[in-house]
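Each chain, letter by letter, is given below.
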Amino acid sequence: MHAIDYIITIATVVAVIIAGLPYRKYVKSVKDYLLAGRTQRWPIIALNCQATQSDVADYMGCSGYAYQHGSLGLSNYTVNLQAGWLLGAHTIIPQMYRSGVYTPSEYLELRFSYPARFWGGLLIVLQRVYVVGAILNLMGIMLEVLTGTSFLTATIIGTALCIGYTILGGISAAMITGTAQMILMTITSWILFVAGLIHVGGWHKLLEITGPGMIKHAITGEVIPVGWWNFHAIPSAPWMLPGLAFLGMFMSTVAYPIIQAEQVSRPLSARSEWDGRMGYQLAGFVALVHQFAIVPVGAFAVLAYGYMSKLFNPATGGRPDAVYPYIMKDWLPVGLLGLVLAGVFAATLSTVPSNTQSCAGILTRDIYARVIKRDGTDAHYLLVARILTAFNFIAGLFFIPVVQRGGGYIVMWIKLTGALISPLLPVFIWGTLTKFMSRNSGFAGLIGGGIFGSFIAVFGKTVFPQAPLLYHWLLIPLWNVIFTSLLMVIWSLVENSIRGRVSEAEIEGYTVGTFPSQVKSYLAKRVERINERGEHVETDIPYYGTKGVPWYKHTTFWGWVVLIYLVVWTIYWW
Amino acid sequence: MGAEERTEAAFWTEQTAVDPAEAALELRMEITSGIVLAALFGVFAVCTLLGLFVLPEDNKVFWAWTEVIVSALLFGIMGSAIALVSKRKANLREMEAQRNKK
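Protein chains in written order, with this note's numbering: chain H, 1 to 574; chain S, 1001 to 1102.
If we strip away everything but chain S, and leave its shape as in the complex, we get (with noise of 0.2 Å):
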C-alpha cells in the first residue's frame, strides 16, 4: 500500500519541473479555448440583440438598456477571447522560434 503510493508521489514530485513542449501544449489548449468562446459568446451576443425586436410592453426602455449592455458585455467577452487568442499565437510563435534556435 504504502510503497505504491509512494512511487506515484514521487512520480508527481518529478513532473513538476517545467517542461518546453508542455508549456507549448498549454498555449494551443489556451488557443482553442479562446476560438471556441469567441464563437459562443458571439452567438450569444448576436441572439440577445435580436430580442430588441421582441421585447415587452412594460418596463419597455429597462429591458431595451438592458439588452443591449448585456450584447456588449457579451460582444465585449467575445472581444476578450479573440484578443487572447492573437496573444497567445504570437507567444506560441515566439516561443517556437526560440527552442528552434537552441
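Chain H on its own, in the form it takes in the complex (with noise of 0.2 Å):
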C-alpha cells in the first residue's frame, strides 16, 4: 500500500473515533438516546436499516461466497433481506410500534413465555458474537493481504481500535460512522465493478465466460456444468434439486430483519408506525444500490484466480473470504485503494461496538436482571453491563478459527443458522400472524428446532449418508423451519386442549390486526410535526394505524409492489 492510502485510512481511523466526542452531550443516558429517536421520517428509516445491516462483512464475506458457490449470495440483497423486510413491516413491526415493546425478545415474553424470551434472548447474542468474530477476522484478512502484516498483529490492531472507539464513546456516533462507511462502500464497490467489468469486457461477456461448463475446478480438473448467474442451483453442489439452494438461502436470511434487536430498532424509532413500517419495507431497494456490485466480485476472482484455487480454497487451508482484497490490491490504484480501506474501518468500528453492547444489554436485562439479581441499582447493572460487554469482545475472539475452519464467513452463517438460529423464524412469524400459538409452543418450538437443527448438522452425514438433501449446510434452515412450524402447530394443539386457548385480551396488540388498549385513544390523532418556522403542523399520517392514509401512501400499497418486484426478480434470475 502506498503512502497516500495509509493517510487515507489513518485520517478516517482518527475522524471516526473524534467524531463520538462530539455526541457525548446530547446523549447523557440510554433513556435519552431511545427518546430522542422516535421521531424520524421513512426515508431516514430505510437508509439507516441497510447502514445497520451492512458492515465489512457482507463486502469480504458474500464475494468470498459468490467466488465459491455463485450469484446465489446475491439473492440475499436482492430477494431475502427485501423479503424479511417486507415480512417484518406487515407483521412484527406494527405490533411491537403499538405495543411499546422495543426489542424482539421482549416480544417474544409478551407473546408466549419468559422461557423463550431467555432462550430467544441467548439465540440472538450467539449470532451476534460469531459477527464480532467475523468481523475482526475479516478485518484482520484485510489488513494482512493490503499491508502485508501478519494476521495476529492485524486482528491485534482491528480489536484495540474497536476497545478504544467504545471506551472513548464514539458508540453515539454510529450514525456518521455507519452513514461514511456506506457512501464510502457503494463508491468503491461500484467502482471496483465497472473496473472488473473493463476487465473482462464488459457484463455478457461476464455471463458468458462464467457460464455452465466454462469453468475448471482449479485442483481437481472438474468442469463445473452450473453458471454462476442462477438461482436455482450452486456451482460447488449442482447434484441438488432447483430451487432448494435458493430456498435454504432464503430462509437462513430472511429471518434477520425479524429477530435482530438492532435492525428492528430502526423502524421502532420513527415518528408514526406508518414512517416505520414504510421505511422498513422500502429498505430494501437501499441495499440493492448498496450491495449490487459485491457478489460479481466473486466471480472476477474465478476469472483472476481461477475456481477453488489453493489460495482460497477452504479445503486446502485457503480463505475464500479474502478474495475481496486480493481484487482490491491487484485491480484498484492508489488512492482508491486507502478509500475502501478506509470504509472497512469506519464499518467496523461502527459496528463491533454496537453488537457487543447490544448483546450485553440483552444478557443484562433479559437475563442478569430477571434470573440472578432482581434488586439491583442502576450502577450495579450498568457495571454489569460493561463487564459482558468486554467478555462478548473476548467471546468473538473465540470464534475465529471457528470462521476460518467452517467455510468461509458466509457458509458458517448458514451453518449456525440452520443449527440454532432459524427456529426464531416460525416463533415470531406463527406468533404474530395466528392467535392459535399457545402461550409454551415458543419455547417448545426453539428448543426443539435448535435439537433438530444441531442433530442434523452435526450426526446427519453419519446418520443418513444416503440422504444429503437432508444434511446440506445449505438446506438445513429451511429444514429447520419446517420442523419449528409443525412442532408449534402440534404443541399447540395438545396445550391449547388441556388448557384451553390464550384469551385474546391477554394477547391482544401482539398479533396482526389488533391494538392494545392504550394505543387505541390514540388511533384518530395524526403525526403533528414542527416545522422550520416553529409552527405545529398536522399531518395526515396517524401516530399509530393507517386508517385515513391515502391509497398511494398506504403500506399495503406499497407492501404489494415491493413483492410484484420481488417475484419478477425471483423469475428473472431463475
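Please note that the accuracy of each hint is not assured.
Covered stretches of chain H (chain S as the covering partner; in silico rule of three or more C-beta atoms under 8 Å from a C-beta of chain S) [unchecked claim]:
hint, region
1, 1 to 14
2, 329 to 341
3, 397 to 406
Think of the hints as simulated: they come from the structure by calculation, not from any bench. Positions of the beta carbon are idealized from the N, C-alpha and C atoms, including for glycine.
Dock chain one against chain two, each of which comes alone in its own frame, and use the hints as you go.
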C-alpha cells in the first residue's frame, strides 16, 4: 500500500474516533437516546436499516461466498433481505410499535413466555457474537492482504481500535460512521465492479465466461456444469434439486430483519407506525443499490485466480473471504484503495462495539436482572453491562478459528443459523400471524428446532449418509423452519386442548391487526410536527395504524409493489 | 410482567407528542453530524486527488478519470454536508426566535 492510502486510512480512523466526542453532550443516558429516537421519518428509516445491516462481512463474506457458490449470494440483497423487511413491516413491526416493546426478545415474553424470551435472547446473542468474531477476522484478513502485516498483528490492531472507540464513547456517533461507511463502500464497490467489467470485456462477456461448462475446478480439473448466475442451482453442488439451494439461502437470511434487535429498533424509532413500516419495507431498494456490485467480485476472482484455487479453497487451508481484498489490491489504484480500507475501518468501528453492547444489553436486561439479581441498582446493572461488553469481545475472538475452519463467513453463518437460530423465524411469524399458537409453543419450538437442527448439522451425514439433501448445510435452515413450524402446531394443539386457548384480551396488540388498549385512544390522532418556522403542523399520517392514509401512501399498496418486484426479480434470475 | 410492560408502553405513547426543545436538540445534532461528515469527506476527497500523482501504468486515462470523478463526488458530498449545516443553523435561529417571541 502507498503512503497516500495509509494517510486516508489513518485519517479515517482518527476522524471516526473523534466524531464520537461531540455526541457525548447530547446523549447522557440510554433513556435519552431512546426518547430522542422516536422522531425519524421513513426515508431515514430505510437508509438506517441498510446502514445497520451492512458491514465489512457483507463485502468480504458475500464476494467469498459468490466465489465458491455462485450468485446465490446475490439473492440475499435482491430477494431475501427485502422479503424479510417486507414480512417484518407487515407482522412484527406494527405490533411491537403499538405495544411499546422495543426488543424482539421482550416480544417473545409477551406473546409466549419468559423461557422463550430467555432462550431467544441467548440465541440472538450467539449470532451477534459470531458476527463480532467474523468481522474481526475479516478485518485481520483485509489488513494482512493489503499491508503485508501478520494476521495476528492485524487482528490485535483491529480489536484495540474497537475497544478504544467504545471506551471513548464513539458508539454514539454510529449514525456518522454508518453513513460514512455506507457512502464509501457504495462508491468503491461500484468502482471495483466497473473496473472488473472493463477488465473482462463487459457484463455479457462476464455472464458468458462464467456460464455452465466454462469454468474448471483449479485443483481437480473438473468442469463445473452450473453457471454463476442462477438462483436455482449452485456451482459447488450442481446435483442439488433446482430451487432448493435458493430456498435454503432464503430461510437463512429472511429472518434477520425480524429477529435482530438493532435492525428492529430502526422502525421503532419512527415518528409514526406508518413511517416505520414504509421505511422498513422499502429498505431493500437501498440494499440493492448499495450491495449489488459486491457479488460479481466473486466471479471476477474466479476468472482472475481460477475456481477454488489454493489461496481461497477452504479444503486446502485457503480463505475464500480474502477474495475481495486480493481483487482490491490487484485492481485498484492508489487513493481508491485507501478509500476502501477507510470504509472497512468505519464499518468495523461502528459495527463491532454496537454489536457487543447490544448483546450486553440483552444479557443484562433479559437474563441477569430477571434471573440472577432482581433488585440491583442502575449503577450495578451498568457495571454488569460493561463487564458483559468486554466478555462479548473476548467471546467474539474465540469465533475467529471457527469462521476460518467453517468454509468462510457466510457458509459458517448459514451453518450456525440452520442448527440453532432458524427456529426463531417461525416462532416470531406464527406468533404474530395467529392467535392459535399457545403460550409454551414458542419455547418448545426454539428448543425442539435447536435440537433438530444441531443433530442434522452434526450427525446428519453419519446417520443418513444416503440423504445429502437432508444434511447439506445450505438446506438445514429450510428443514428447521418446517420442523419448528410443525412442532409449534402440534404443541399448540395439545396445550390448547388441555389448558384452553390463550384469551384474546391477553395477547391483544401482539398479533397482526390488533391494538393494545393504551394505543386505541391514539388511533384518531395525526402526527404533529414542528415546521422550520417553529409552528405546529398536523399531517395526514396517524401515530398508530393506517386509517385515513390515501391509497398511494398506504403501506399495503407499497407492500404489493415490493412483493411484485421480488417475484419478477426472482423469475428473471431463475 | 404484563403491568410493567404496559407502563413502559404508556410511557412511550406519551412521548410521541412533539416537544420544541426536542426538535431543537434534533437540529443541533444534525448540525454536529453535518460538520463531522463535511470534514471527513473533505479529507477523503483531497487524498483521492493525491492518488493522481501515482497512477498505475495500465489504463492510466481510465484511472485518472475515475480518481477525478470520485474526488468530485466526495467534494460534492462535503459541499452538501456544508449546505445542510448552514440550512439547519438558519432553521435553529428561526426556531429559537419564534420560541423567544412566545
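Each hint tested on the structure:
no. : hint       : in the structure
1   : 1 to 14    : holds (count 6)
2   : 329 to 341 : holds (count 6)
3   : 397 to 406 : violated (count 0)
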